[in-house]
Amino acid sequence: MATAMPTHSPGPSSLDDRSVGPLIGGAYAVDTTRVLPGAGGGLPAFVAVDHRGGDDGLMAVQARPAAPARANVLPVLLANPTEGVLGPLAHGLGRGAGGEEAWFVICRAPPGAPLWSVALGNPAATNAQPWSERELLDCVLRPAAHTLERLHLRRVTHRAIRPDNLFRPGPGEPVTLGCAWAAPPASLQPALYEPPYSAMCLPSGRGDGSIADDVYALGVTLLILALGRVPLAGFDEAAIIRRKLELGSFAALAGEERLPPTIADLVRGMLAEDPEHRPPPALLTDPAAARARRVAARPPRRGQRPLQIGLQTAWNARTLAYAMACDPEQAARHLRSGGVDRWIRRNLGDSVLAARLEETLHMRGADGESEDQRADSLMVMRAVAALDPLAPLCWRSLALWPDGIGPALAEVAGAASSPSLGAAPPPPGGPDRAEVLQQIVATEAVSAWAAARPERCDPVLLRLEAHQHRNLLRTRGLAGGLARLRYTLNPLLPCASNLLQGRFVARLADLLPALEAAATVPEFRKQPTIDAEIAAFLAARSEHRIEGELASLADSAQPERAALAQLRLLAGLQLRLSGHRLPALAAWLAEQLKPALAIWRNRERRQRIERELAGLTGSGQLAAMLAVLEDPQAQAADAREFHDAMLAVAAIDAELARIATGGAPRADTARRIGQEAALIIGAMTLAVAAVAAVLS
Amino acid sequence: MTARVPAIADGKAKPPRTGSKLGSLLWLQGLSCGALATLATPTAVVAGILLAPGLLSVVMDQAPGKPTARSVMLFGLAATVQPLATLWRTGHHMGTALDIAGDSTVLATAWAAQGGAWLLCELTPLIITLSIEAVSRSRAARLRAARAAYEEQWGLPPEGQQAAEG
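Line order of the protein sequences matches chains U and D. Quick note on numbering: the first sequence equals residues 808 to 1503 in our numbering. Quick note on numbering: the second sequence equals residues 384 to 549 in our numbering.
Mixed in with the good hints, there may be bad ones.
Listed below are the simulated SDA-like cross-link pairs for lysine to any residue, each with C-alpha atoms no more than 20 Å apart in a straight line [unchecked claim]: (1) D:Lys404 to D:Ala423; (2) D:Lys449 to D:Leu409; (3) D:Lys404 to D:Trp471; (4) U:Lys1333 to U:Pro1390; (5) U:Lys1333 to U:Arg1415; (6) U:Lys1333 to U:Ala1405; (7) D:Lys449 to U:Ile1488; (8) U:Lys1401 to D:Glu535; (9) U:Lys1401 to U:Arg1415; (10) D:Lys404 to D:Leu414; (11) U:Lys1401 to U:Thr1327; (12) U:Lys1401 to U:Leu1423; (13) D:Lys449 to U:Ile1487; (14) D:Lys449 to U:Arg1348; (15) D:Lys449 to U:Thr1476; (16) D:Lys449 to U:Ala1430; (17) U:Lys1401 to D:Leu539; (18) U:Lys1401 to U:Ala1430; (19) D:Lys404 to D:Ile432; (20) U:Lys1401 to U:Arg1418; (21) D:Lys449 to U:Asp1043; (22) U:Lys1401 to D:Lys404; (23) U:Lys1401 to U:Glu1354; (24) D:Lys449 to D:Leu439; (25) D:Lys449 to U:Glu1483; (26) D:Lys404 to D:Val441; (27) U:Lys1401 to U:Arg1332; (28) U:Lys1401 to U:Ile1480; (29) D:Lys449 to D:Gly413; (30) U:Lys1333 to U:Ser1349; (31) U:Lys1401 to U:Ala1474; (32) D:Lys449 to U:Ala1474; (33) U:Lys1401 to U:Gln1442; (34) U:Lys1401 to D:Trp537; (35) U:Lys1333 to U:Leu1280; (36) U:Lys1401 to U:Gln1334; (37) D:Lys449 to U:Ala1477; (38) U:Lys1401 to U:Arg1383.
These are calculated hints, taken from the structure and not from any lab test.
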């Protein structure tokens, strides 16, 4: 069954500067001229060359911009190399085949061909030979279970186990799990390999899940290899999910097929709907013990007659929950009319479930103050959780797990901005996914969902997280909103600002060089250096609290504050991160800073500062520019002198007014002085005349 | 708007003379003049003729305190002292008084002195007013120049514009 090794041959290194690009992790270069088809677990993979150690047999898996690599898993596996899986050796920025910047995860190249290199639905797959029981146990189950156990100990899930992502050097050799770190968990898994509660989610919203989900995928893989063909090959994903929910995964996939008894027992346990019923990886390393472990799961009660919710027909509580999740508006009508309650009591005969559902309707009454659509969405979400506690959070036809909100936001934003970023397009006529996700966060739906199924999750932790997410969403100005949340929850998501011209800026250190390049584009020079996307990116990535600065950016009433805030933020970045010269960015900022110069009232001082800024622009040191503008002593002196000048001008104005209005008083004074002078002269003359008369 | 309370209300200025007091003073002045004319008729004749412009200005000057008349009288008295002294030294006769009063030199001197005093009283305020105005204009020009310097240095609005903005 195993096909030939993909058409790659490491061969002699023929890297040149054009194809290498920057070194990842200071050691690895991506040779985009040598493609490794099928090696990246659904993502483009290329030969990677170790420039430090000369290590051969490496590959670089290219992540899609709207589907960032798993930032929470990569450091764990880098610190703890794990045997049996193509674990990451490094990750970082490189250049893709088209010369574009992209994020790469460097792994060891697959040791051989994938177990199954034929895509699902390919007729060629139907002619493959079934694997023997011994080969399945020794080459697939045991090594994969050991690897999963090692990952489980590191609290890491794989979420990309399927035949075309399991590799082995040759027949009889143990398999190695492929790379699963360059995309959101399970986002590239077809619905067949995922539990229905994961498959129904937005691909990027499936979350890390648990190791039990990897056990499920391994079970499906075993089943396919044992059958020698892909079951449900002609079904679309929705039909596969529905069939799994209706019949149970094992029955849906295996049906009446003949399987080796050991394999059948193992797969039946591995495909249990409840993750807690699936054997843990440690148990699977001993297939005999795993086979002996049987967890009796009660099959769902089947109604005597079906209930029609929209286009979906429900026969049991699981399919009812799924139907309600698919068509929430119809579900809300049925819930309010009491149709669902009646069907559960009369057809399913499950009064406990009906009572639980009734509580949901009572809560709808409590939500009556809020907006109708939101209250209905909350009601349906709670009803789905009550009917099927294994189901994910379902909100307005969108399903996701709480830890998948971040990648889901990235996918939705990517689909909105550019369909080519690797994000799935939204269904036609469906609600706006970004709006739905925003509602989920704004209403703290995760908290309500957790409260509706407390035995299946940690409601306290989820409530805390939901509250934090809502606070980020509600943060006013450029430091908050959906963009801030998106970058906060996706540490490796690149900034989506148009100013960056498609450059892949996922880390703060990459922002300044990208802005330096943007500064050379004349049309960008008219725009602010920090737009809304960059502001949200900065707020999410910065270790320091910069909310105050970002609030200043949004202050259109005081452009000088916004300009200074831009300089302050970027100068801080330059000091902390690179320290490289940024002359073009400095010139761009100097243009933006013209309003900021208005805070200097003294004309000579302002001209001197303008000259100093122009001089510093060439050096490209933003901190020096900031120091010139933010000199507290000079500012205080300027303010003081301005105050003195104002007082002096007020005194001048008062005196001028007095001069202008003082004509009549001056005339009176002059008359009085003249008369008094005449009197004095007369008196003196009289005195002289009297003395002269007496003496003569 | 309340009217400004006159200073008299504070008791800081002299109260104006009442009609009865003015009448008493006038009566006393008339009595004195009558006594002088009766007891020293030659002196009264000389003084009356030589001080005629001054007496006329006393009647004509309607300004409070009669400042012009006072100055005219002072100058007139200064020109009359010597003829009166001569009259008293020569026996204080009516003939002598008429001779002195008829002396054109004496008469012209006395009247010229009083005319000069009147001219002085009229011209001095005018000259002083012109001087003060010149000083004020010079001061205003200096102030405007200083203000223009402040406007240029600190980006302040011009005088009229600032007032309009204010």
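Outcome of the hint check:
no. : hint                   : verdict
1   : D:Lys404 to D:Ala423   : violated, 27 Å
2   : D:Lys449 to D:Leu409   : holds, 15 Å
3   : D:Lys404 to D:Trp471   : violated, 35 Å
4   : U:Lys1333 to U:Pro1390 : holds, 17 Å
5   : U:Lys1333 to U:Arg1415 : violated, 24 Å
6   : U:Lys1333 to U:Ala1405 : holds, 19 Å
7   : D:Lys449 to U:Ile1488  : holds, 16 Å
8   : U:Lys1401 to D:Glu535  : holds, 19 Å
9   : U:Lys1401 to U:Arg1415 : holds, 13 Å
10  : D:Lys404 to D:Leu414   : holds, 15 Å
11  : U:Lys1401 to U:Thr1327 : holds, 19 Å
12  : U:Lys1401 to U:Leu1423 : holds, 15 Å
13  : D:Lys449 to U:Ile1487  : holds, 15 Å
14  : D:Lys449 to U:Arg1348  : violated, 92 Å
15  : D:Lys449 to U:Thr1476  : holds, 16 Å
16  : D:Lys449 to U:Ala1430  : violated, 80 Å
17  : U:Lys1401 to D:Leu539  : holds, 19 Å
18  : U:Lys1401 to U:Ala1430 : holds, 17 Å
19  : D:Lys404 to D:Ile432   : violated, 29 Å
20  : U:Lys1401 to U:Arg1418 : holds, 12 Å
21  : D:Lys449 to U:Asp1043  : violated, 122 Å
22  : U:Lys1401 to D:Lys404  : violated, 79 Å
23  : U:Lys1401 to U:Glu1354 : violated, 23 Å
24  : D:Lys449 to D:Leu439   : holds, 12 Å
25  : D:Lys449 to U:Glu1483  : holds, 12 Å
26  : D:Lys404 to D:Val441   : holds, 19 Å
27  : U:Lys1401 to U:Arg1332 : holds, 13 Å
28  : U:Lys1401 to U:Ile1480 : violated, 59 Å
29  : D:Lys449 to D:Gly413   : holds, 18 Å
30  : U:Lys1333 to U:Ser1349 : violated, 26 Å
31  : U:Lys1401 to U:Ala1474 : violated, 53 Å
32  : D:Lys449 to U:Ala1474  : holds, 18 Å
33  : U:Lys1401 to U:Gln1442 : holds, 16 Å
34  : U:Lys1401 to D:Trp537  : holds, 17 Å
35  : U:Lys1333 to U:Leu1280 : violated, 29 Å
36  : U:Lys1401 to U:Gln1334 : holds, 13 Å
37  : D:Lys449 to U:Ala1477  : holds, 16 Å
38  : U:Lys1401 to U:Arg1383 : violated, 26 Å
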